[in-house]
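From just these sequences and the hints, can you work out the full model?
Number of protein chains: 4
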Amino acid sequence: MIQEENTIVSKANNIEEVRIESKYQAVRNQTEKLCKPLKTEDYVVQPIQDVSPPKWHLAHTTWFFEQFILKPYKKDYQIFNDAYNYIFNSYYESMGEKMLRDHRGNMTRPSTEDVYQFRAYVDQQMLELINSSQFNAELEKLTELGLNHEQQHQELLITDIKYILGSNPLFPVYQQKPEGHHTPLATAQQEYIEVREGVYTIGYQGKGFHYDNEEGQHQAYLHNFRILNRLVTNREYLAFMDAGGYENYDLWLADGRDFVRQHHINAPQYWHKIEGNWFQYTLHGLKKVDLDAPVTHVSHYEADAFARWQGKRLPTEQEWETVSHLARYHQNLHVLHQANFVESNLFHPQALQADTTTETPAQMMGDVWEWTQSAYLPYPFYKRVEGALGEYNGKFMSSQVVLRGGSCATPESHIRTTYRNFFQPDKRWQFTGIRLAEYF
Amino acid sequence: MIQEENTIVSKANNIEEVRIESKYQAVRNQTEKLCKPLKTEDYVVQPIQDVSPPKWHLAHTTWFFEQFILKPYKKDYQIFNDAYNYIFNSYYESMGEKMLRDHRGNMTRPSTEDVYQFRAYVDQQMLELINSSQFNAELEKLTELGLNHEQQHQELLITDIKYILGSNPLFPVYQQKPEGHHTPLATAQQEYIEVREGVYTIGYQGKGFHYDNEEGQHQAYLHNFRILNRLVTNREYLAFMDAGGYENYDLWLADGRDFVRQHHINAPQYWHKIEGNWFQYTLHGLKKVDLDAPVTHVSHYEADAFARWQGKRLPTEQEWETVSHLARYHQNLHVLHQANFVESNLFHPQALQADTTTETPAQMMGDVWEWTQSAYLPYPFYKRVEGALGEYNGKFMSSQVVLRGGSCATPESHIRTTYRNFFQPDKRWQFTGIRLAEYF
Amino acid sequence: MIQEENTIVSKANNIEEVRIESKYQAVRNQTEKLCKPLKTEDYVVQPIQDVSPPKWHLAHTTWFFEQFILKPYKKDYQIFNDAYNYIFNSYYESMGEKMLRDHRGNMTRPSTEDVYQFRAYVDQQMLELINSSQFNAELEKLTELGLNHEQQHQELLITDIKYILGSNPLFPVYQQKPEGHHTPLATAQQEYIEVREGVYTIGYQGKGFHYDNEEGQHQAYLHNFRILNRLVTNREYLAFMDAGGYENYDLWLADGRDFVRQHHINAPQYWHKIEGNWFQYTLHGLKKVDLDAPVTHVSHYEADAFARWQGKRLPTEQEWETVSHLARYHQNLHVLHQANFVESNLFHPQALQADTTTETPAQMMGDVWEWTQSAYLPYPFYKRVEGALGEYNGKFMSSQVVLRGGSCATPESHIRTTYRNFFQPDKRWQFTGIRLAEYF
Amino acid sequence: MIQEENTIVSKANNIEEVRIESKYQAVRNQTEKLCKPLKTEDYVVQPIQDVSPPKWHLAHTTWFFEQFILKPYKKDYQIFNDAYNYIFNSYYESMGEKMLRDHRGNMTRPSTEDVYQFRAYVDQQMLELINSSQFNAELEKLTELGLNHEQQHQELLITDIKYILGSNPLFPVYQQKPEGHHTPLATAQQEYIEVREGVYTIGYQGKGFHYDNEEGQHQAYLHNFRILNRLVTNREYLAFMDAGGYENYDLWLADGRDFVRQHHINAPQYWHKIEGNWFQYTLHGLKKVDLDAPVTHVSHYEADAFARWQGKRLPTEQEWETVSHLARYHQNLHVLHQANFVESNLFHPQALQADTTTETPAQMMGDVWEWTQSAYLPYPFYKRVEGALGEYNGKFMSSQVVLRGGSCATPESHIRTTYRNFFQPDKRWQFTGIRLAEYF
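Chains as they are written, first to last, in the numbering used here: chain L, 55 to 494; chain D, 55 to 494; chain F, 55 to 494; chain H, 55 to 494.
Hint data in this document are derived by calculation from the structure and do not stem from the laboratory. A few of these clues could be false.
Identical copies go unnamed one by one, so any copy, or any two together, can satisfy a pair.
Cut-off 16 Å, straight-line C-alpha distance, at most; resulting in silico cross-link-like pairs (EDC-like, lysine to aspartate or glutamate) [unchecked claim]: (1) K93 - E167; (2) K437 - D304; (3) K93 - E329; (4) K129 - E182; (5) K366 - D312.
Below is the structure:
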């Protein structure tokens, strides 16, 4: 769901523990903090269609507050710049012409400085509104929606920045690797967790913020299955590569085979073989591949082929969610080991203390998004929401694959066991990884 | 599953009532009968990648018997022509180079006559083998598999011939419309059949021929739903068109919107507006659109948009299969009206007697393939079969949509309630239609 | 000028020695004779855009007579089939919609038989017209234009048939090689013919049939140059290949380098390396490359790169024409050796008697079309002709290169020293070759 | 010749009046002055392949001095950054891998600031070298070549900046229009200058700097022709548009027709119809089209079609050069009126004084580049220069069209009557215009 144009209609009806004002400021500041390491030039480009310029993310998330809250609800609100609606509107076809996604990388104006001014202006206006008598429960919900929307874009900011810097032959460092940071995954033994067949409840069940596509408790019948307690590592993936996995066509989906052939793919994205050794571009720069870290930046096709090579399969999203619930609520269940794979510590400062992690529930989440074998489809009773915000609610439910979990680039408060992320099966620029499953 | 390159591994272990020899001759003759109306020129071309030349279908189905039965099992078998393996092998990457699909339409040689000689030669050899002491249960299974493979290609022959003739400005007639043939659909009242929620059994349960992808009984939890007793008609679809359905972007999946835009699609395939009236190319030639006939030659995108416009949705494949079983085994259930939409009477002679049809069970099948909302994915416990035949078993389980039922071009003996046909959501050259469903 | 859509307006004002009726029959019969070796399937396909189906050539040349002569001039003429104007009209945008060139290969109807009936009908009508009192000088001119148009298509028929059969993995034979046919080129010593600088007259100067683009005598200043007495041979071209000519980027025009790279070209078209030996598909089937025959089926880029490798260049069209005139009118000039390279003897039966050829003037012509270094541009005073026939007169005078001479596929009566053939520099399916020149 | 990758080998053997040091500083400073109005973001992008990022131009011109002068000739020279050779090398295939042109716009690093430091470093080194005893005639020639190379890129800088800003919906102003600037073209009467047929001398004849492609005096025979004394105006071009010129297919070259159709072109580049009026993006921002100014930003196809519509043609480059010489050396010849069309006054400050212009010789030059009808081909005796600099000398002599004159973006010292600029016939982002000619 971190996809740029995706379902953002929520049903936020929980009691906010954090006051909305602080939350607003925290999220908005975090976005700008993520951009601190950038040079002005980095804000502008769009090397592939999937990747939006950081400047665009900064402005688009701001436009959201102007368009859906300030303009319709704030008294006497003055639009910052009429042209911005045209330039920074990403999706809503019903609201005026949109700039073609492909041309975002050509828009040198408004400048980055102009965009920061736009942010400052909207922030000031939003804070005025929040502190006014006008601000009611409905506006709070919309604000929270805007903040969740911005958090999605925070993840995209990181993956897009990684792409922009990672396709530069100078391999610039975004952030220095913290001292003493290491990955304890090597010590995690492969272990399979078994789940018995039966009817399980799926879907969001609480009262907090969530998206419409995860809403609607419903039943699903699961058959006996096992799932691996940890993610597939680079070491394991390298064994697949060395065994000729990319060339063994029996292992691949037909589309996947065409994809790796056509693009001459023989390793995860950002991998470079230099004088016989595999290196990987990370946000800390070009590094030797860490064999004990989870493999990431693989497409669904590669995840599927790897699983087949292992005589296993990817889990369904229902299996994933069920195991995740069990892991969360039953401390006596075998604990899933966390990889502590943290390329960026912007969201997960605590993840650096490896020794604490075994006590954390919901261990399956936070390293990489995990490809499932499930197509992204509506849950039973799902209805597209009416109106401008809802225009596009279910519109991506075609030819995409669900990912579960969350990655080191996902804001922590944004991770839920019911969260349904989705991408086309060939996408590799997100932090995507592999977890194995099988029936028994 | 009529897709050319698809799952063909079966588990045929039933007691054959018809002797295999008669069956072999019947199926092989039927293929040639389908080609009788063609001129030599019609056998050669490939106007789009999806459509194979009829000559290729004739040869490829024959090559299958030579490659998988005669060559490995018949003593002293002489290959008809070594080059044919290269030219008529459609898929099996592990068995020598394959001709690129795109170039099939450039192969003027071997000639059609040569191909018919190839067929005659292989038929003679097969009949010798069938009547020899060498012919055992395993060979019978393989033979039956080859015949089912050929039946799939019979359906493709019809849809491909329709495409070849239908894109010709002279709109040639393939077959004259039989006298007195009419469609009683207009009298069928819309009625919704309700099914209560619970755990249902899905998958092939008998002992007859079936494909591996429909195998494996398993449970699925269905929620309360209703399904329409008949297919959507041209009249209803025209109302959608007249209401601006193609331009109302709220109704469309994002991919679907791009698809109709890019290809300037504003009606089902083969429809032509001539002096204000809608005509439709059929195998009987260009005809005024029959408003009471089921709409056909629509993509999944169009089916989905139409359903949304109606405030409904497409059924899942599990719902479809469940209703189909109920319709089959419970005569007191409200009977589904059959459309008796028969563009080609080559397979369904009895369908011309409209009055008899209400007595037929499994009424949902035989008019058009019905788009579901289900992605084509493996059933629980599904395993790819090993070896050359099995190489590609699950390889299409990505980005495709399941269709259920069967069409006027499907051999009748090839229709099963558990049959899983599948195509990419933009495909329109098959006989594809729409049935509505909803939760309650 | 053998290009399908090209300048066909002529100024035929000579006294015809051969009666027009005989000529009409001879040319029309010759077209059908060229198709005799074909199977019905061969008539239909269009493997690349440049190559038209033989059926289309047969019909298009016939349509020309119907459209421009019978329809406007023959009393009470009944159109054979209205739809044919749409299907077989290749170019004239002002005369009704044209079928896209790319789709010619999908038109299985009208059948080849229908097209032959179309030809017979038009021939009968034309002969009636020719023998009627209605037939005047203007109609005779138009008829002659139609016949020259058909002769252009005869050459295309041969090259297109070669492409269709030559891209078939069975390498079918179009015509058996005649007994005793050989190429005496090996004995021809390289010799350079020198021409002194000065003002030379260029352009058609006689009274016979010619095209508008060669018309208009005018002056051109030529500088001292030499030109080779014979064509470049396969032996010489192979030396270029063996010396790494295709990989030596210094030798290539930038566009040419991109072209050979993108299409992985490393030899002339139709060349195949089989077990270490070079073979060449010819109309006689797949044959070992004849080292003493002229190299053919090379693009302008390859011709240019070869010449640069030799420290030479291609001649300009003015140089070529000037030398050709000198060779023609001055018997005491050193005679150019003819290659007697005859892949097809359909037009040049006498070419089989090698000993007679040295007596023939205009020796430069008849083996392969020779790439010049001249862009195809209008001669001084050139004016586009008005009206439908003239619509496209100069419209190809952009980004094309002039070829001079004529090939073994060019009807002999169609060869003139002033004839300006032209193609894009990447075209290779015509019989195209290389002659070297240099300044001194 | 302002094309980025073009012929840059010169034969500079004149006595320099300006000392090379001053010249070096002047040219280098001018490049940076041109970039003064830019924001950092503007330096980075590449909206189409033809347009390079300004940052790239700044670095590439600097790389030239490092690569061809400092590295091979300056003692103990330290390369500024090894990676820059890879990143800023535009063409020389023989010198290490080149970045694909298409990816220039994705290179956010090195930053603009880094590039300015690169410039400062190289400038310091170059000045040291120039003032050292090491600096000899050969190095001076190379330096001059580097400066001419940089001047070419100055023109590209302006046209590329115009494209970058002009495709931005905010239409940013690059430079305010100077007060009192106007175009006196309206008063210029159309007048045709006649030239008598005969042999004329073509090619560079002096001793100053020039490129190899204009070198080599030679003779050309010209026929009687007339040429218009001024450029075609927007008013005249608008009449062509209003008369349906873009839709009248008789007027177009076949390639041109396809080009305008495919790209939906119906006006010069940068023209926008806003509420019924034509506006034009200029470096001064969006302005109403000035009817008396010369039309610019048209392709060769449009120029050719316009000329045909007028019953005229484009001049050949030989005609253009001949008239230009006559205009230059014969003050009593009818003077060509200069348009004084000056969108950018960075190079032509004097052009603002309209009243002085009639006294200037060589009036044909300085407004817009003028499309000729000549293909870009080698002059007689032209030889590609050996070695790295010469690798690509003639490599663009294919499928391009010669332009003559020079534009308001061309450095004045870079304009010569013999200068051969060239572009593909579809290019429109340069300042290109139309002058009419005809035979008589």
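For this session: Mind listing which of the numbered hints don't hold for this structure, in increasing order?
Result: Hint check: 3 and 5 fail, others pass.
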